[in-house]
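**Student:** Produce the complete structure using the sequences and hints provided.
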Amino acid sequence: NAGVTQTPKFRVLKTGQSMTLLCAQDMNHEYMYWYRQDPGMGLRLIHYSVGEGTTAKGEVPDGYNVSRLKKQNFLLGLESAAPSQTSVYFCASRAGTTQYFGPGTRLTVL
Amino acid sequence: GQQLNQSPQSMFIQEGEDVSMNCTSSSIFNTWLWYKQEPGEGPVLLIALYKAGELTSNGRLTAQFGITRKDSFLNISASIPSDVGIYFCAGQILSGGGADGLTFGKGTHLIIQP
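So the protein lines, in turn, are chains X and S.
Going by my numbering, the first residue of the first sequence is number 17, and it counts up by one from there.
Going by my numbering, the first residue of the second sequence is number 113, and it counts up by one from there.
A hint or two may mislead.
[Claimed, not checked] Here are the computed lysine-lysine pairs in the BS3-like style, where the Cα-Cα straight-line distance is at most 27 angstroms: (1) S:Lys218 to X:Lys25; (2) X:Lys87 to X:Lys73; (3) X:Lys86 to X:Lys25; (4) S:Lys163 to S:Lys182; (5) X:Lys87 to X:Lys25; (6) X:Lys86 to X:Lys73; (7) S:Lys182 to X:Lys30; (8) S:Lys218 to X:Lys73; (9) S:Lys163 to S:Lys218.
Rather than coming from a laboratory, the hints here were simulated on the basis of the structure.
**Tutor:** Here is the structure:
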């Protein structure tokens with residue numbers, strides 16, 4: 017039981033490049049979330065999913081897209097990366113009222 | 113959007129001292145959560161509070177859900193070096209049909225001097 021895993025752990029992109037961050041959970045949770053964390057800030061919700069095949073916008077969705085084709089996976093995509101998207105990205109899944117977080121992906125956009 | 117005001121931003125204390133931090137909100141939450149984050153890791157849940165007025169302990173940690181549902185505090189007694197990290201409060205509204213995502217405070221950075 018690995019919990020919530022994220023791939024990759026680190027990535028450096030050039031402005032305009034695209035990439036996909038993968039989140040996987042093996043706990044059979046329905047709810048999954050993507051957050052970003054910036055220095056001196058708490059985590060902010062980007063997008064979320066309440067089940068396979070569903071996605072919705074969170075607090076800061078602009079510049080990101082998501083997909084939940086399989087219950088265990090939640091993908092976060094950046095179509096055209098911008099320096100403002102330099103951040104640490106955390107995925108979480110929820111059972112009941114408790115959210116379990118992955119270890120994070122540190123993304124730098126030059 | 114909703115905002116949580118967490119204070120203090122940082123604390124420099126001696127090992128063995130007690131610690132207190134709190135969060136206030138302009139909005140009502142159904143659940144208050146306290147997380148700890150260590151460098152290079154995701155947040156880890158410490159305590160969850162589900163009812164206004166609830167006081168819950170987890171070892172040396174004690175947290176309370178304010179009566180107004182707009183605030184919460186976390187106390188750590190007799191701090192030890194492994195308590196070092198960033199502590200986040202988070203509020204949650206469980207509507208049953210929406211995001212139910214967490215709204216986070218900006219964190220309290222705890223530094224312990226031996």
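**Student:** So, for every hint listed, does it hold in this structure?
**Tutor:** Hint check results:
A hinted pair counts as satisfied when its Cα atoms are at most 27 angstroms apart, and S:Lys218 with X:Lys25 qualifies at roughly 23 angstroms. As the CA atoms of X:Lys87 and X:Lys73 are separated by approximately 18 angstroms, the hinted pair is consistent with the 27 angstroms bound. Restraint check: the Cα-Cα separation between X:Lys86 and X:Lys25 comes to about 21 angstroms, which is no more than 27 angstroms; the hinted pair holds. Between S:Lys163 and S:Lys182, the direct Cα distance comes to roughly 12 angstroms. Compliance with the 27 angstroms bound is thereby established for this hinted pair.
Distance restraint check for X:Lys87 and X:Lys25: the Cα-Cα separation of roughly 22 angstroms lies within the 27 angstroms cut-off, and the hinted pair is therefore satisfied. With a C-alpha separation of about 18 angstroms, the suggested pairing of X:Lys86 with X:Lys73 holds against the 27 angstroms cut-off. Our distance criterion of 27 angstroms between C-alpha atoms is broken by S:Lys182 and X:Lys30, whose separation comes to about 42 angstroms. Annotation: proposed proximity of S:Lys218 to X:Lys73 holds, straight-line Cα distance about 21 angstroms (limit 27 angstroms).
At most 27 angstroms may separate the alpha-carbon atoms for a hinted pair to count; S:Lys163 and S:Lys218 meet this at roughly 23 angstroms.
Comparing the model with each earlier hint shows a violation of hint 7 alone; every other hint is respected.
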